[in-house]
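Full structure from sequences and hints, please.
From first to last, the protein sequence lines stand for chains G and Y.
Under my numbering, read the first sequence as residues 757 to 933, first letter to last.
Under my numbering, read the second sequence as residues 42 to 219, first letter to last.
Mixed in with the good hints there might be a few duds.
Stated by the list, open to error - A short list of chain G residues far from chain Y (calculated; beta carbon distances all over 10 Å): (1) Ala-783; (2) Ala-791; (3) Leu-797; (4) Gly-798; (5) Trp-836; (6) Glu-846; (7) Ala-858; (8) Asp-863; (9) Gly-878; (10) Tyr-882; (11) Tyr-908; (12) Thr-920; (13) Gln-931.
To be verified - Calculated cross-link-like contacts (lysine-lysine; reagent style DSSO-like; alpha-carbon spacing at most 30 Å): (14) G:Lys-816 - G:Lys-853; (15) G:Lys-881 - G:Lys-794; (16) G:Lys-794 - G:Lys-879; (17) Y:Lys-77 - G:Lys-853; (18) G:Lys-853 - Y:Lys-176; (19) Y:Lys-77 - Y:Lys-48; (20) G:Lys-892 - Y:Lys-126; (21) G:Lys-816 - Y:Lys-126; (22) G:Lys-853 - Y:Lys-146; (23) G:Lys-895 - Y:Lys-147; (24) G:Lys-816 - Y:Lys-77; (25) Y:Lys-176 - G:Lys-902; (26) Y:Lys-203 - G:Lys-902; (27) Y:Lys-48 - G:Lys-816; (28) Y:Lys-48 - G:Lys-853; (29) G:Lys-839 - G:Lys-895; (30) Y:Lys-145 - G:Lys-902; (31) Y:Lys-126 - G:Lys-839; (32) Y:Lys-77 - G:Lys-902.
As the list claims (entries may be wrong) - Simulated restraints, written as ranges between beta carbons of each label pair: (33) G:Val-911 - Y:Lys-48: 50 to 60 Å; (34) G:Ala-781 - Y:Leu-59: 38 to 48 Å; (35) G:Trp-836 - Y:Glu-98: 20 to 30 Å; (36) G:Tyr-914 - Y:Leu-215: 28 to 38 Å; (37) G:Lys-879 - Y:Pro-112: 31 to 41 Å; (38) Y:Arg-56 - G:Ala-762: 15 to 25 Å; (39) Y:Lys-149 - G:Lys-839: 30 to 40 Å.
Think of the hints as simulated: they come from the structure by calculation, not from any bench.
Backbone N, C-alpha and C define an ideal beta-carbon position, used for all residues, glycine too.
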Amino acid sequence: MHTIFARINNTSALLSSCMMALLAAIALSSFVFTADPKGELGLLSVKVYPASAAKKVYPKQELAFVNFNVTADLTPLFHWNTKQLFVWVEAEFNNTKRAENAVVIWDRIVRRKEDANLKVAGKNKYMLRELTKNFKHAKPAHYTLKYNVMPYVGVLTYGEAARTKTPVEFPPVQQRV
Amino acid sequence: MFADELKTFRRLGLRHVLLQLLNFASVIASGLMIWKGLGLVTNSESPIVVVLSGSMEPAFYRGDLLFLTNPANQRYQTGDITVYKIPGADIPIVHRVLETHDDKKKDKQLLLTKGDNNYVDDLELYQGLQWLERKHIVGKVRGFLPYIGYVTIAMNDFPQLKFALLGGLGLLALIQRE
Numbered sequence: 757m758h759t760i761f762a763r764i765n766n767t768s769a770l771l772s773s774c775m776m777a778l779l780a781a782i783a784l785s786s787f788v789f790t791a792d793p794k795g796e797l798g799l800l801s802v803k804v805y806p807a808s809a810a811k812k813v814y815p816k817q818e819l820a821f822v823n824f825n826v827t828a829d830l831t832p833l834f835h836w837n838t839k840q841l842f843v844w845v846e847a848e849f850n851n852t853k854r855a856e857n858a859v860v861i862w863d864r865i866v867r868r869k870e871d872a873n874l875k876v877a878g879k880n881k882y883m884l885r886e887l888t889k890n891f892k893h894a895k896p897a898h899y900t901l902k903y904n905v906m907p908y909v910g911v912l913t914y915g916e917a918a919r920t921k922t923p924v925e926f927p928p929v930q931q932r933v
Numbered sequence: 042m043f044a045d046e047l048k049t050f051r052r053l054g055l056r057h058v059l060l061q062l063l064n065f066a067s068v069i070a071s072g073l074m075i076w077k078g079l080g081l082v083t084n085s086e087s088p089i090v091v092v093l094s095g096s097m098e099p100a101f102y103r104g105d106l107l108f109l110t111n112p113a114n115q116r117y118q119t120g121d122i123t124v125y126k127i128p129g130a131d132i133p134i135v136h137r138v139l140e141t142h143d144d145k146k147k148d149k150q151l152l153l154t155k156g157d158n159n160y161v162d163d164l165e166l167y168q169g170l171q172w173l174e175r176k177h178i179v180g181k182v183r184g185f186l187p188y189i190g191y192v193t194i195a196m197n198d199f200p201q202l203k204f205a206l207l208g209g210l211g212l213l214a215l216i217q218r219e
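Here you go:
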């Protein structure tokens, strides 16, 4: 009854159930924070160039190059259960012939509240490309700024902070300057 | 040390041993049932996974536990964190979706992924495939619990630990009185 094993067993059972309850409470508490911050996303330029297949794994295709502006104050998303934000800019566009595309062109990991007030003038980090390998049939694209709140424990949540007001057209392909 | 235990063992007899074995079996069976039940509800072959690599740091570290779902009627979106398994590769990979292309001609969604901590996308991990498809994907990450899965990593790294733990548990189950 009062063996050392029984004592160890009881204490560890109590500790682990307390721990579980605490973790569950923390995970549930983040549903109370329903901040939905909005920012702005502006496009400065879009250009399309043919890319030579420099790396063998990627096919020969047309790539779009985008310059953009992001201003968004995402500090309200930081609460006690926010480990980090994953913020990204993506282009969403249709192709009359074949596909719906969504392509992430830029991202950033925000780990501190102090860094969450974003003011970025950037260009795409990742290739902006189309499934058919050219932008001939691509319709104008919507650009959006989205975020993923990653918790210390619990559920991952997603949101959209900004969207270009009107879709932006892809210009005709240019030869390299 | 074990003389005492042996004596009680003899006193309680075979029936008790069988009962304890049955108990042990039912614990294992109910564990398996819960696992498979979860798999049915989440539509994922493995609804809980342990992070094995550092390619999603600082979001996920080795040993973190991830809870997955994979609803059949939901398309994948950019920013979703998926767990995928390429045929021929032995371990599943946890990476974020970078590109989605809904191909109307083939009626398929084509995906490209990238680890947050990697500089380049996963194309070279796909073993010759151009795109990832639904059939490769185990699930997308919905929930997160840190560190708990480290036990399994420790057990993989030090197999002796696994046997010691199993053996100890089995022994306890057999000789415990209540």
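Unmet hints by their number, sorted upward, for this structure:
1, 6, 7, 8, 10, 11, 17, 19, 20, 24, 26, 27, 28, 29, 32 and 36
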